[in-house]
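A.B. asks: Take the sequences, apply the hints, and build the full model.
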Amino acid sequence: MLHVTCYMINKIIQFFLEAKAEMLKVNWPTKKQTVNYTLLVVAVSLVVAGFLGGLDWIFSYILKTFIIK
Numbered sequence: 000m001l002h003v004t005c006y007m008i009n010k011i012i013q014f015f016l017e018a019k020a021e022m023l024k025v026n027w028p029t030k031k032q033t034v035n036y037t038l039l040v041v042a043v044s045l046v047v048a049g050f051l052g053g054l055d056w057i058f059s060y061i062l063k064t065f066i067i068k
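In terms of numbering that gives the first Met the number 0, the sequence shown opens at residue 0 and continues consecutively.
Quick caveat, the hints were computed from the structure, so don't treat them as lab data.
All of these numbers come straight from a predicted model, not from anything done at the bench.
Hints are supplied without guarantee of correctness; some may be wrong.
To be verified - Cβ-Cβ distance ranges computed for the label pairs, FRET-style:
id: 1; residue 1: 15; residue 2: 39; range: 29 to 37 Å
id: 2; residue 1: 15; residue 2: 48; range: 36 to 44 Å
id: 3; residue 1: 56; residue 2: 36; range: 25 to 33 Å
id: 4; residue 1: 36; residue 2: 67; range: 41 to 49 Å
id: 5; residue 1: 63; residue 2: 18; range: 55 to 63 Å
By construction, the Cβ of each residue, glycine as well, lies at the ideal position given by its N, Cα and C atoms.
C.D. replies: Encoded structure:
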């Protein structure tokens with residue numbers, strides 16, 4: 000039983016050591032890149048929301064004007 004417990008503890012320690020080693024290999028973006036990508040995502044989200052809102056308004060207008068009298 001003790002052997003199994005030690006084996007499991009060693010595997011857990013090995014996992015965290017390997018995870019740390021992999022995190023050190025990551026090419027993290029700079030602060031400027033992060034800000035630029037965040038602004039890009041917000042801008043694209045606003046454009047898509049505006050487009051979908053416009054389509055909704057057009058279809059609502061068509062329904063009210065031509066179909067529901």
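A.B. asks: Look at each hint and say if it fits the structure.
C.D. replies: Hints versus structure:
no. : hint                   : in the structure
1   : 15 with 39: 29 to 37 Å : holds, 34 Å
2   : 15 with 48: 36 to 44 Å : holds, 42 Å
3   : 56 with 36: 25 to 33 Å : holds, 30 Å
4   : 36 with 67: 41 to 49 Å : holds, 44 Å
5   : 63 with 18: 55 to 63 Å : holds, 58 Å
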